[in-house]
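> Modelling step: build the complete structure from the supplied sequences, incorporating the hints.
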Amino acid sequence: MDDSNYDEFGNYLGPDVSSSESDQDEEEYETHDLRQRVHEDNESDVEMEDRSDQNGMLPVVQFQARKHTEIVLHEDKNYYPDAEEVFGPDVEVLVNEEDTQPLSEPIIAPIKDRKHVIFSEDLPETTFEKEFLVDLMGHNDFVRQIAIVGHLHHGKTSFVDMLVASTHTWKEWDETPPSATNSVNNSREPVTKRGYTTVQSMERKRGLSTKAMPMSLVMTGLKDKSYVINLMDTPGHVNFIDEVVAGIRLADGIVLVVDAIEGVMINTEQIIKLAVRENVKITLVINKVDRLILELKIPPKDAYYKLKHTVEEVNTFIGSCPGSNASMRLSPELGNVCFASSEYGWCFSLDSFAKKYVDNWKYPIKYQDFAKRLWGDIYYNKETRKFVKKSVADSTTERSFIHFIMEPLYKLHAQVVGEDEESLRPVLEKLGINLKKKEYGMNVPWLLRRVMGLFFGPPYGFVDMVSNHIPSPVENAENKVRTLYTGEQDSEAAEMMRKCSGDGPLIINVVKMYPSADASELFAFGRIYSGSIKTGQSVMVLGEGYIRGDDEEMVEEVVEEAWIFESRYRISVSGLGAGTWVLLKGVDNSIAKTATITTKSDLEAYDIQVFRQLQFPSASVMKVAIEPLVPSELPKMLSGLRKISKVYPSSVTKVEESGEHVVLGTGELYLDCIMHDLRLIYSEIDIKVSDSVVAFRETISETSAIKCFLETPNKRNKLTMICEPLDKQIVEDLEIGNIDIKWPTRKLGHYFEENFGWDILASRSIWAFGPELDSGYGTNVFSDDTLPLETDKVLLRSIKESVKQGFLWSTKEGPLVEEQIRGSHFKLLGADLASEPIFRGSGQIIPTIRKLCYGSFLSSSPKILEPVYAVEVQTPADCVSAVYTVLAKRRGHVTSDTPKPGSPLYSVKALLPTIDSFGFETDLRIHTNGQAFCQMIFSHYQVVPGNPLDKSIPLKPLEPSSGISLARDFMVKTRRRKGLSDDVSIEKYLDDPLLLELAHSIL
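299 is the number that UniProt numbering gives to position 299 of the sequence shown; each next residue is one higher, with no gaps.
Keep in mind that the hints were calculated from the coordinates and are not lab data.
Please note that the accuracy of each hint is not assured.
[What the hints assert, rightly or not] Pairs of lysine-lysine, PhoX-like flavour, derived with a Cα cap of 25 angstroms:
no.	residue 1	residue 2
1	430	356
2	301	390
3	593	389
4	308	436
5	973	851
6	372	389
7	205	688
8	372	301
9	654	636
10	356	386
11	585	130
Here's what the structure looks like:
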């Protein structure tokens, strides 16, 4: 502003102002006036903005008012900038009236550690070169494949730890323990919490193995010859017997680990039966021998008798198994028995102990000859220094095993536990054991493990036992192919597998699936029977139900990587040949449980068939229904269930007709592990779980009282059928897979003639076994009992597949509680069929056969079967009565009650209905103050007392039923749970008035 244009009073004295300048001044005046009014109208808002500025918030910037004299409504005025102008166009701004994020969810989610197993990308230091391991695997004569099996807490995993420690640099094993005063009371204190093959966090928390885990080690025997020992450490709990089955399928022999005090237990028996059935070699390791010395404190002579009793107990049970022979006998002098204390890190056989005497004290005898004199009724005369076969009355003779092995073992334990450094040092130095000064101050268990480990050295005796008594892959190939391969035994593919030929067609049997460290993918683990596998190779994955020409059960995949699996780490290889184990990546998508892998060219050239499915001795009879807590997370749960079904061999996942998802397992612990993995590893969602129930079965007790007939919906076909009970021996043979519907008709008929006394016509008229369609196995039989004079056989054969489908459908879900039918024989007596194919299509025949099966089943005095557990309880003598009391409350009964020889324990064996077993173990421990320990495994199905169709039986709410009311109670409550009506009506399955009247009079 120019001051010369104004006087001292502010009056304008300058030239005239132009119109444009006047307009501009007027516009500035109006803008100033508008801003003033905005300021007055929003005074409170301005105050809040000032406060926001003081609190560190961004200041609010007002816009310029609209130009000129445009009239703008109050609600249309724009006082603040858009979010895009404040934050930029690349920032998304959301405006919410309230915070929708729950308080339990962090604003910034933490980084999740998805590593669910102990796994290392780096290879540990070993006593052998990894290249040597891979190269030696190519020489099948120097490969041994074994499964370490045994009962729960008999020391299998700790025994594997001892083998791993002898070949690996393992920090947990080699770490220096804390010093402690020497005390006999500490002698049974656990040395340390180890477990090289227990890689899952759940396993380590529970203190037991739940998965079969492999290791491949290079170990040397007494003659310094190196062998590849492929071993599978299996769980000992009876609920995880399926993992043992998978381990035995891969192995050529088993190492049975038995506790020196407990002896043969319920799971030991199951494993021996499996080994005899699979025809694999058995060797024995009597573990925890230290318990006889430090815990029971029995004399050396009694310890010998206890060890001998354990060996004979195993031999007796092996001899009682069908299919066993004299070659399976176990005895230390034969070299197929070892003695060990895995907790204190020592193991020996008679050969290895004899060699120690010969090498250290220069005995003038071969150690093999000396070892033959160290067991049985052979005595050593101290005066004449000769072996004799008869003991004389004086004290100059003693059993050779006691004199040369047990007494030195006792003395060494006693001196390490009870003497101080000054008196112990000269004794150990005389034995060639030199310890450092600080090692004498170790805790007693650690000192004992250190001394015994140095005294016995590496487990040479164990390696000799395995190498001499377990066949190599080549030697056992013929047995494996004969018992497992479903194809023709005289085919070229079978011949190549018997030779274990690396130049033959690629054939791999996959039996296990292992998750990656973060559980995002699964890897397939199997045994190569022929050919060789290479990284990047295109392969064909054949499913369990594959038959020649079935494209649905065949998927082409690419092997992304191949490894030698070592539990905690993997050795990557470019390829592996026949006769060994391999872990494959990239082939898991189409594998359900087991699979057969080959190449497309080999499949066409050799007509390769699949391997037999795994057969489990324990059925999955316990089940729970599950659903996601948030319904929208159902796809995550289904994805997790698919992985669960692959990882747990005997688990069953299915959807009921009511829509609920059901998971079946072998027991409470098994289902608990499944739910843990489903919630925390594979689905990572919250899941609601129902109360546990059992899987019932349906059966009949009599032959159908009437011939049931039914017409198809189009009234052009009429079928007649009856149902009768099936012999128990036939049911057992069908269940374990001794009979296969894929056999030729002549072979199948001959088997039924020879074993069950069927006539030739009936035995050759069998059409199907049900309800397992894929495997061909089942516990029900359908046969064609029509006569050629009454039925057109040509027309009947044209509907054979439809009839089989209807039969399989009906036996899969019975009419009582929609559970599988068991032990029933359906006979087709007549078939009046339309001559035109269009009138006898599958749409007419399948539902008719299903309804006819139901009608004939209901007219045959139907019954409900419930699963029963075999229970073994180990308890002190003063708690036996409490076991009887708890069992009596749950409809259980004791079958045997015997003391364990050489121990203060009793073994009580009983049978307990599965539906009454929930919480049994907890109840038992409460009544015995935690002194009793039980194991339960599926034994058989038994008929539930009572008639399930008897409507006169009253069912009282909230009260348990008993006696003859049980069958009705189980049926009604199961049908209600599944959303079905309370009663079963035969009118749904038969439509002829006269037939219905007869059926009602019978029922």
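> Hints numbered earlier in the text: which of these fail when held up against the supplied structure?
When the structure is compared with the hints, numbers 3 and 4 turn out to be violated.
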